[in-house]
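In case you want the letters, here they are:
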Amino acid sequence: MNARLISKVMAVLTGIVSAAMIWPLLWALHDGTADAQAFVISMVLGLTLSGLLLFAGRNADFKKVRIQDAFVVVSLSWVVASVIGALPYYLHGMVPTYTDAFYEAMSGFTTTGGSVLVDIEVHPRGLLFWRALTHWIGGMGIIVLSLAILPFIGVGGIHLYKAEVPGFAVEKLTPRLHRTALRLWGVYILLTAAQVVLLHLGGMSLFESLAHSFSTIATGGLSPLNRSIAHYNSAYFDWVITFFMFISGINFVLHYRFLLGNLGIHGRDEECRVYSGIVLFSIVTTAVVLLRSGVYSTVSDALRYGAFQVVSVITSTGFFTADYEQWPAYTHFLFILLMFLGGSTGSTAGGLKALRVLALARLVRAETVSSLHPRGVFPVRVRGRIATSEARASITTFFVLYMAIFALGAAVLAALGLDFITAVSGSASALGNTGPGFGAIGPTDNFSAIPMAAKWVLCLLMLMGRLELYTVLLIARPSVWKG
Amino acid sequence: MHFRLVSKVLSLLSATVSLSMVWPLFWALRDGTGDAHAFVVSMVFGLTFSGLLFVPGWREPYKDLGVKDGYIVVGLTWLIASTIGALPYYLHGCTSSFAGAFFEAASGFTTTGATVLADIEACPRGILFWRSLTHWLGGMGIIVFTLALLPFLGVRGMELYRAEVPGPVAEKVTPRIHQTALYLWGIYTMLTLSESVFLMFGGMNFFEAVTHSFGTIATGGFSPLNKSIGQYGSLYFETVITLFMFLSGANFALHYRFLRGDARAFARDEEFRTYVWIVLASVGVITVDLLLRGNYGSLWQALRHSGFQVVSVMTTTGYITADFEYWPALSQWILLLLMVVGGCAGSTGGGVKVLRFLLLSRHSRAEFKRILHPRMILHVRVGGKIVDDAVVGSVATFFVLYMTIFAAGVLTLTALGLDVLSALSGAAATLGNVGPALGVLGPMDNFGVVSEGALWVFSALMLLGRLELYTLLLLLVPGTWRK
Chain A
1 MNARLISKVM AVLTGIVSAA MIWPLLWALH DGTADAQAFV ISMVLGLTLS
51 GLLLFAGRNA DFKKVRIQDA FVVVSLSWVV ASVIGALPYY LHGMVPTYTD
101 AFYEAMSGFT TTGGSVLVDI EVHPRGLLFW RALTHWIGGM GIIVLSLAIL
151 PFIGVGGIHL YKAEVPGFAV EKLTPRLHRT ALRLWGVYIL LTAAQVVLLH
201 LGGMSLFESL AHSFSTIATG GLSPLNRSIA HYNSAYFDWV ITFFMFISGI
251 NFVLHYRFLL GNLGIHGRDE ECRVYSGIVL FSIVTTAVVL LRSGVYSTVS
301 DALRYGAFQV VSVITSTGFF TADYEQWPAY THFLFILLMF LGGSTGSTAG
351 GLKALRVLAL ARLVRAETVS SLHPRGVFPV RVRGRIATSE ARASITTFFV
401 LYMAIFALGA AVLAALGLDF ITAVSGSASA LGNTGPGFGA IGPTDNFSAI
451 PMAAKWVLCL LMLMGRLELY TVLLIARPSV WKG
Chain B
484 MHFRLVSKVL SLLSATVSLS MVWPLFWALR DGTGDAHAFV VSMVFGLTFS
534 GLLFVPGWRE PYKDLGVKDG YIVVGLTWLI ASTIGALPYY LHGCTSSFAG
584 AFFEAASGFT TTGATVLADI EACPRGILFW RSLTHWLGGM GIIVFTLALL
634 PFLGVRGMEL YRAEVPGPVA EKVTPRIHQT ALYLWGIYTM LTLSESVFLM
684 FGGMNFFEAV THSFGTIATG GFSPLNKSIG QYGSLYFETV ITLFMFLSGA
734 NFALHYRFLR GDARAFARDE EFRTYVWIVL ASVGVITVDL LLRGNYGSLW
784 QALRHSGFQV VSVMTTTGYI TADFEYWPAL SQWILLLLMV VGGCAGSTGG
834 GVKVLRFLLL SRHSRAEFKR ILHPRMILHV RVGGKIVDDA VVGSVATFFV
884 LYMTIFAAGV LTLTALGLDV LSALSGAAAT LGNVGPALGV LGPMDNFGVV
934 SEGALWVFSA LMLLGRLELY TLLLLLVPGT WRK
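For the protein sequence lines, the chains are A and B, in the order given. Take the first sequence: its letter number 142 is residue 142 in my numbering, and every next letter is one higher. Take the second sequence: its letter number 279 is residue 762 in my numbering, and every next letter is one higher.
Be careful, since some hints might not be right.
[Said to hold, decoys possible] According to the in silico footprint, chain A covers these stretches of chain B (three or more CB under 8 angstroms from chain A):
1) 851 to 862
2) 885 to 899
3) 948 to 957
Calculated from the structure, these hints are not laboratory results. C-beta: ideal position from N, C-alpha, C; glycine also.
Same shape as in the complex, but just chain A (with noise of 0.2 angstroms):
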């Protein structure tokens, strides 16, 4: 393992992460409210952490990144972005204990979105402003991870575009990772500037635009409000809001080809079709079960709601415009299934992903078909390119992976004691990066009656579930260690 380099990663990415508590800290001296204070000393402790860690990883040298740095690196980001975020939770006294404040603090940087407040009202609006900022930042953290470092290292089965093998490539935007980075942060920041332009021309008020577009982006899921999007009650922000979610849960590489002029790009991309598809079917029934279960007596507040709803699930988000736990049974299903499927790959939701769904659903259909024909062979082919074997392998063992750390997720949390459907959605949902579930977390309680030892479970997952699995599962073996 190559220390050294992994020690100046870090230092980057502490001071980055110490550096934007600036805007916070703005907000706070703005209205001055004593959380002030926390996001100073948090800030000087995050800066002399850097600098230690800069020190310590002078000299390194970057010729010689190997896969199992990358692992360590990639993991332990969202770990120290989370443990530096979570100071000044605690520091300022918004939560009672640090293992609160670090899981708001990793829902945050996950863009899970869970939270552990019971009245978000309360607390000054700069700790609120780091919350949504957090979202903001960890997405753009997963937009470089999931587009220039996850094909770099070559897990999920999402990764076979190293040295041009032909697969499942997400599209090389140029040779250079930090160019990839810059041309995707720019859709990434366009996105949300839009965004707050269409919510404060609504009416929201500039603290509330910048924190729920920062949350809707980055699909996060954290508001300033108690009772999250349900609060204003408007037709317009419901679907404005709809709206970016929906483009977010997207590959952003798409966004950025279409802003080239590329107009036609997301109708001709297959992946983009599924999740389209999906989110349309889902829209559809639950609006019809909506409506004939009498929960709404219009189709348009039935479409507007259900929509709102399906697509804040999809794509992992987490807001709510209503008490869905009220709805039928037939909805909440629908929901902790949309949880597993997820949103599409180079986007900043999270779950098995859209493309890795249209891949087994092929192989599947290879499958039944080969069964027929015995010796016959059946290429199956995503995006145009044939599956290599390898690929196969590598999707369909994630997939498994998925569902076993779902499974034993569910009953670590319900061995501490969490009620069935409690622990279930919960690992679902912090597995998925979504946030709320149904039981004692649905959309009007939160996790704060958790056990202690269930949040640290649920911390785990959800850095699992963003990191695709492997990366984090990796750094669990000795060898990942060795020098």
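Got chain A sorted already, so can you dock chain B onto it with the hints?
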């Protein structure tokens, strides 16, 4: 497709099912109950149907049976058997609708053991004997289907059972299909007889000993008693039944080899060892969970009930001695997972099968190595021998399809009005051919409470699960029916 030949095979099957009604008819005549009439009418119907099917193909030789014909025969076998088998229930009126009668018969022939009868003991003994006999016939069918017919057909995706596949996979016991079947049925009959003797030795009457043995060896779960095995409250009966359920969940080819003098046949088999470990671990965890949550006062009581329920659920039998509806969340979750895992390949148990999970876990481990060492050549081994990549691929696809059908089933059931817990556990219990579930379908409830539409969905899930998914799904592919 050889229409005439398929017709001939199905004719023989219908005759077998109809003729076996002579046994429950004896009971009915002996007791002088009203169900005798229903059996006579059903037999006349069944034999007429058989005769009609026999006419077109009586001169066709069996050797012309091809892969496609094999699928059609197997797929239709369970459908026709369930239809004819449903007649006595419907004609006698112990079920209110034909959907209920079909469910009861499908549940019998697929050795599921879920019932629509609210008060079982109110039904005449002829009907109750027929329920258990359908289990026993279904179990015989499964043994032949998996160990003799599938290898003979060389069906793709079912290589698992094929003789050439090394390791714990069902070796061809003897090269010829009908001889294989006869040997296996010999073991099957012997196990049934010995269990009956053991039960009668403990004081159970002849009728109950035979019906419970039928239900055990076929891993079915129908009992002529309302409270299943729990009615006796006898440790001796529970121990005997646990032992025989456990044996029936193991590969019948191992029993054969053991009886031929290979004393270490079980110990050497990797799948069997995994099966034992899963049972032991589940019993251990559930016992501790039951004690910690205070469900039982003594270790002995907790162990006794967890042991019986774990073996019953994992072998997909479905007998009960305790209402696990009231067990803690962790115990329920483990039971639900065991429903998905199921018994060993080549047994009468349902579910995904232990062997498939063993292969999947080996496959995942190989994938980890592949990521860290991209150039390493890796093989999945079971029983010390390399398993072909295509086999591993089809096992992974099977798991994906299993989960997909499971999810689609739950979604349909919730759309039909079931709550999430009942739909989720009910789909797992029918697809895995277990029987009792949770929620409104718990061990002390019955499937009679759900709508007719939901009953058909459950029947479809039972048949899909029993026929290893593909066999039934292929009936829907037009290519199967072409010449």
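Structure-based check of all given hints:
1. 851 to 862: The restraint on the region 851 to 862 of chain B holds, since 5 of its residues have a Cβ under 8 angstroms from chain A and three suffice.
2. 885 to 899: holds (count 7)
3. 948 to 957: holds (count 3)
Violated hints: none; the structure is consistent with every hint.
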